[in-house]
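A.B. asks: Read off the chains here:
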Amino acid sequence: MKQLSIMVDLDRCIGCKTCIVACRNHYGLVDHEKSMPGTMSHYLRVESQCTGSYPNLKEDYWVVMCQHCKKPPCIKACEAGAIHKDVQTGIVLIDKNTCVGAKKCIEKCPYEVIQFDAARTYAHKCSLCYDRVIHGQEPVCVEVCLADALSFGEREILLMHADAAGKKVVKKMSTQSILYVKSPG
Amino acid sequence: MHENKWIPTVCYQCKAECAILARVEDGVVREVKGNPRARGKMCVKGMAGITTLYSQERLKKPLLRVGERGEGKFKEIGWDEAMGIMEKKLRELMKRGEGHKFTYSMFPHSTTDPKWRFVNAVGGFISTGLPHCDSAKIMAHLHTFGCFPNHHIAPMYYTVPRGGIMILSGRHPFGCLDDACVPKHILDAKERGAKLIVIDPIFRTEASKADWWIPIKPGGDAALFLGMASHMLKKGIHNKAFCDKWVREGDMEGLAAFLKDKTPEAMSTICEVPAKDIIKLAEMCAKAPSVSIDAFKSIMYGNAMDWGHAWSIFLVITGNLDNPGGQPLPEIAPMAPVKPAPPAPNLKELGYHRTGPNRDKFNHYNFILEPTWYAAQAVKEGNLKVFFASECNPALSEMGSGEWRKAMTMKDKKGDYLLELFVVTEILPSETMKWADLVLPDQTNFERWELLYMPWWYNFGHTAAVCQPVVKPIGESRHANRVMIELGKRMFPEFFAFKDDVEYYDIELSGVGMSMQKMLDGGALWSPGTVGFRKYEDAGKFNTGSGKIELEWRMYADIGQQWPSPELPLEFRRDADTYPFILVNFRTIFLNNTGAWSQNNAQLRDSVSGLDANPLLLNPIDAARLGIANGDTVTVESSTGKVRIPVLFTEKIKPGCAGLIHGFGQTMGKVASRGKWISDNELIADAGSHLDEQDLRGGEAHVSTRVRIVK
Chain A
1 MKQLSIMVDL DRCIGCKTCI VACRNHYGLV DHEKSMPGTM SHYLRVESQC
51 TGSYPNLKED YWVVMCQHCK KPPCIKACEA GAIHKDVQTG IVLIDKNTCV
101 GAKKCIEKCP YEVIQFDAAR TYAHKCSLCY DRVIHGQEPV CVEVCLADAL
151 SFGEREILLM HADAAGKKVV KKMSTQSILY VKSPG
Chain B
1001 MHENKWIPTV CYQCKAECAI LARVEDGVVR EVKGNPRARG KMCVKGMAGI
1051 TTLYSQERLK KPLLRVGERG EGKFKEIGWD EAMGIMEKKL RELMKRGEGH
1101 KFTYSMFPHS TTDPKWRFVN AVGGFISTGL PHCDSAKIMA HLHTFGCFPN
1151 HHIAPMYYTV PRGGIMILSG RHPFGCLDDA CVPKHILDAK ERGAKLIVID
1201 PIFRTEASKA DWWIPIKPGG DAALFLGMAS HMLKKGIHNK AFCDKWVREG
1251 DMEGLAAFLK DKTPEAMSTI CEVPAKDIIK LAEMCAKAPS VSIDAFKSIM
1301 YGNAMDWGHA WSIFLVITGN LDNPGGQPLP EIAPMAPVKP APPAPNLKEL
1351 GYHRTGPNRD KFNHYNFILE PTWYAAQAVK EGNLKVFFAS ECNPALSEMG
1401 SGEWRKAMTM KDKKGDYLLE LFVVTEILPS ETMKWADLVL PDQTNFERWE
1451 LLYMPWWYNF GHTAAVCQPV VKPIGESRHA NRVMIELGKR MFPEFFAFKD
1501 DVEYYDIELS GVGMSMQKML DGGALWSPGT VGFRKYEDAG KFNTGSGKIE
1551 LEWRMYADIG QQWPSPELPL EFRRDADTYP FILVNFRTIF LNNTGAWSQN
1601 NAQLRDSVSG LDANPLLLNP IDAARLGIAN GDTVTVESST GKVRIPVLFT
1651 EKIKPGCAGL IHGFGQTMGK VASRGKWISD NELIADAGSH LDEQDLRGGE
1701 AHVSTRVRIV K
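Chain order of the listed sequences is A and B. The letter at position 122 of the first sequence is residue 122 when you use the numbering used here, and the numbering goes up by one with no holes. The number in the numbering used here is simply the position in the second sequence, starting from 1, with 1000 added.
Here chain B stands alone, though its shape is the one from the complex (with noise of 0.2 Å):
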């Protein structure tokens, strides 16, 4: 092993899977920081990872449930004994023709995760959370202009020009989850003579450092940018000549209709941005040589994929695409398959996907993936039968997670689990293990090896890194690949014939000419050094059916929606006399969200170096209105939810919205129960039993909540 000396590898306290270099003394890491050759920057979660490495409440065996689920009762058991759980239940599941009814809940760490191999092998589907935060972003992007950047994939701030305009509409990029190195890039711009406008309920710290801090009422964005798009179109301060040669004949017509009516005063009116606001920012965009813009929370609401819509649509006009300072348009690295690869089962026709009222509706707007947060309705309906899960944390994590719990326990007229299996590999004690069959002690990544490639892209174009292990494996713990590839070589040797996962990588690797030695040789990492700028000119086309840009949404066209809606979610426009507050909540960059490594991390929920406490934040105006006082302990109720909490009263809140961070309300773990503090998930309705519109005009995620406050 590795000895004094820095060691190139990769941060995973979230998803974003920074560059780092540790330092290894005697066997034990000391230090990390960022990598240099990767625009060396680490943030607080990842410096904090050493604490979730040599926690002692790291898990170190296999652990199977021996009470009720939900109870939190286990034995330890061997490797052996847990691999033949698992390997009996998929192959009665598949003798019975259900393969399909197997899911795994996981991050993939690139398109071609092992985990995922399997998954296919079984003929299940994976699911995950975090692509599904931002599908309607990237659906919205593919139907445009035919790619794919997820919310990893930021603005390239270190390519914004002078008098760029970064316009961040429901994002914290302050709070990472990208690339540890964009709040400098973003800082770095700025100083260059970029101005950074901040459009947000919420006046966090980037609104502190922008330009210009624009509250707006939450789900208000797509009405925003439809009015700067309609006043932009009426006075012709768009980008003719792009528009002109890219955009799909016909549809600027269609446009200038659509938007006739969408002026920046009726567009106020939904939005609650002022119209000369309005008219001001599309101005200032139209004469900026370049504009990005980014979101995250705003792209969960209801109304999604018209907001998705909508940006989409002010990109084009504005002619900022793949150009520094605009959006980029990212590859995909040209990795190896490792063959045979088993197919894909047909997710359109066995999926779980979409169990609302308006399934078949919804069915135009298929993912690729199935979301985690429709597994509760699916054991309902029995349509889902396994589950395995790792990072993840479905307890806590997913919208209504409430119903994700009451799915687990439900049992048949024999008194049998409706969900016949459920697996979780975990790191540290985790909510969702409580409802687990089986917990697998999983590996940091410290101690694993793995290659990424999908976040990675913001450095320097489609970019692989090497996680390598830097110290001995604590326990008896597995990373989870590991697990799958031997359970794979058990069940389906045909795809699993590469020795291991570093050969597996190998091959992969070797579709850019690398392998895992010459990575390692050359530092763990592995990029051609660009992204390349405006590739449809080379390409002579976009990647979309006509090749050109295409603003309207012509396949949409039988559900009325070929133009983006302006209106707020429907969440937000029902009850409001009931529940008059809109629930607002976001993240921090002290802790990452509700993934147990962080939750229990004890030097990210200590006051000084992470965060303890998550009160309801509510603007005075409003508390004084409620006869509220600050610190009373208040009851929040959604129409699906009821929690208690005390109140912090802050000017930094729009008024008629309630803040709550996401990342709370863990009852396992000795650190991450501290507090009587809740998840913000306890008062968002469940996914698969509450969908209605946002069935049609939302992405996959819907966090879109109203709330009532009482003493």
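So here's chain A without its partners, still in its complex pose (with noise of 0.2 Å):
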């Protein structure tokens, strides 16, 4: 199977957000001047679990991006068939030029990580950043992560490498292409 993928390593994860405003200047989704907290696109979020209580506790951090569905559901609810899962790389593409701005895809998607332009009334989202990675680059989150918690390449991999360095998959959080990893205990 030929996907791309990025492996977040949960035992580096600090939560810091710097991949969230590296990808949004990057791919321009702020109007710097005018944009007001809660009103601009995100192409990534942080989550958290923190469990136990005081003083016995353990928290990890993550963030969640378009997970690259192996069926995306996606696909399936967009009529106008602007969605497809690029054959040579495994990654999931919205051609924001075919996209008619039904929404359907938001409401399908189980991640709640495709965002919709109200303006040019086109949905986007995280396109692992397909036109840096078929030119060799990372995607900007990888890139830019302060913790070096991220990585890139072919999933299996990032699969063999989270086994060589004692890391086990989080299955759960791991259904789809992204994957997460964490240490045992």
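These aren't lab readings, by the way, just hints derived from the structure by calculation. Among the hints, erroneous ones may be present.
Only pairs whose alpha carbons sit at most 30 Å apart, straight line, appear in this in silico BS3-like list of lysine-lysine [said to hold, decoys possible]:
1. 1676(B) to 34(A)
2. 1190(B) to 172(A)
3. 1217(B) to 58(A)
4. 1195(B) to 58(A)
5. 1276(B) to 58(A)
6. 182(A) to 1280(B)
7. 1005(B) to 96(A)
8. 58(A) to 1060(B)
9. 1195(B) to 182(A)
10. 1075(B) to 34(A)
11. 167(A) to 1280(B)
12. 108(A) to 70(A)
13. 1195(B) to 171(A)
14. 58(A) to 1280(B)
15. 34(A) to 1005(B)
16. 1195(B) to 168(A)
17. 182(A) to 1190(B)
18. 1499(B) to 1489(B)
19. 167(A) to 1287(B)
20. 167(A) to 1190(B)
21. 1670(B) to 34(A)
22. 34(A) to 1073(B)
23. 1060(B) to 34(A)
24. 1195(B) to 167(A)
25. 34(A) to 1217(B)
26. 168(A) to 1005(B)
Computed from the model, here is a short list of chain B residues facing chain A with C-beta under 8 Å [unchecked claim]:
27. 1030
28. 1043
29. 1174
30. 1183
31. 1609
32. 1617
33. 1667
Note that beta-carbon positions come from the ideal geometry of N, C-alpha and C, so glycine has one too.
Reassemble the complex: the two chains are provided individually, in unrelated frames, and hints are given to aid placement.
C.D. replies: Encoded structure:
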């Protein structure tokens, strides 16, 4: 299977949100002059979970972006045929020129990662930096990650690297193409 | 102007000043990222700097106050008129022989910042916020082993060996304010087998990555480390060879006698860390190849000098000075002086420093700069007449900022303001500018020249970096350095004979065989590439009076402070019945404290990419006792302030503590004024009028505050 992926190392993610802003800058998602909080598109978000009670606590942080699903529900939902999974890379891409702004993909996305440009009436989301990776560059989020918690590559190779580093895949989080790993215990 | 390429420059969304690259396309900054030649990291605040640059709220012309101070009413004026107002008032002040009643609150970007030169020429003092936050650490290290590491100079985590111990005691380095590469370096060190120990009343991201989180009673750090030191000396597991060679004769015996009753059991009752844990950590540290300690918030409490002293002693007895993974002893880059330089006035004789009731006693601890937070008291007492401010926001960021605001509006019998002129340079609308007579539009790091070499030490030793303009300035904005150089040329041409800021930096750089052009040709960075280790071995001495490490501070014998007290700050020991909670204020990576340029940044106040809420954090155990439900709005009251604020329950805070993030409460700016969030400084006492014991034991920042919480 051809599938490019990002691996999120929960041992290293500190939830700093650097990737979110770097991604926004790269894709011009923010009107720096006028945008107000709560109105800006974002291709990533940070989530966290704290378990236990004081003083025995554990907390993990991770980022959620388009999971580039194996069988993307957004593709099925889009009657205009604007979304496809690239055969060469496994990246799920939205063609904004074909998109009619029906928002069906947004309704069906289980990860709530698809954004909508109301002014230009199209859906948009993380493309795994398709235009960068096909020229040998890493996705922006991977390049700027403050904690080096993100790595990019072929999914199977990333799995091999995780195994070599003694990290386990968090299976319930890694059901699609993006991998979440952490050390056991 | 550069086009369509990555240009090396420096970030200034916080004082860490990380080396970055900016991508400019069609004359517009599109992207920024860390400079790979300088460890290549840039944090979320830095990434959001483009929003600051292009915000529609940028101040574009000088503004003159037209209403009363505090009303925030201004009219636009020209630069000539603005310069004339400053020159006239300062000349008048000097004519009266009161040049020392002028202060400029700033963060000097180098030891020879051109603004500092201007202040010296007038005969005034620079005042700062930041270096004072950990002045106790600086002074403690200076007294004990003669070096000057400020809080931007973190332990060099990239040098920590396998098995080394990294202790964060009230310090959140994942929140930056250090170089942006520090979080990665800490995690890398962990991966190669170093241990991360987090001592903190709050479980933050650092604690979530730690091998061991040790919740502590705020202010208990001195007790904890004295307990460990006591155990080590008693068991003989300290680094005896290092101490024999380097500690001043008699000091180890004095230390042993002092520590005799500071047993882990005794210290446990103060810091609330179990004695067995104090012993366990002491024995871990004794066995480890290195131990580094970093602290920030804990060094701002009312017992800061004691904590700094205990910390210094612990580093010495474990032999962790200037070694890989230990405490760096930094050097300052040997820049060339720009001559002739105006002499600095005598701080001790003329400064407004320390106006509290124990002023005479506290003179022992005089720091090298004035702290901004004594300005209010100095204005009230007539010791401060002209106040300039850059890159600071005292209306929010000063402890007891309400007193500061009050002082700005106080008038004499004739109806004139006691503070005769208040000038602020600002990029975006700030709380402080509401009280200013003159607001000068400043430039972001993307529009200005600057030579930076102080906080830069973390990267390969004494290093310099050039901040260069990558786009044309917005409006009529001018960088504060250029404004002060121009004013200097008008008033003191002999001290400002150089052409401009770039030539000034050129002269400085000649000290290391560089020039601005050579720097730019070489990627805007210069460094010898090494910090060196155990430099005292080469020198055969430490930079102290005796040439040895001085554990006993004999110069303080007359006030009984030759050894550090383990006691909590006075503010935490009194009024516990009336104010049962200890306020724990802390920082986050998503927001740059009270700096107007990040408070008013839409990306940093967006809940996805920043932070848009600042509720009071309470442990559910305490909340249940108070009958408070999650989300309730409560009254939080200290001995000097009272606010209403919603509560958020969390298991991540030690019971008995109430947590609040530092950096909210602005009423100016469309973004910054969102929500009814408050500044922690509304609860913290004003320094000038509420000092007592911390005058003797504390550093220059003092945030120790107890509060009560009522539904």
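A.B. asks: Provide an ascending list of the numbers of those earlier hints which the structure does not satisfy.
C.D. replies: Violated: hints 8, 25, 26, 32 and 33.
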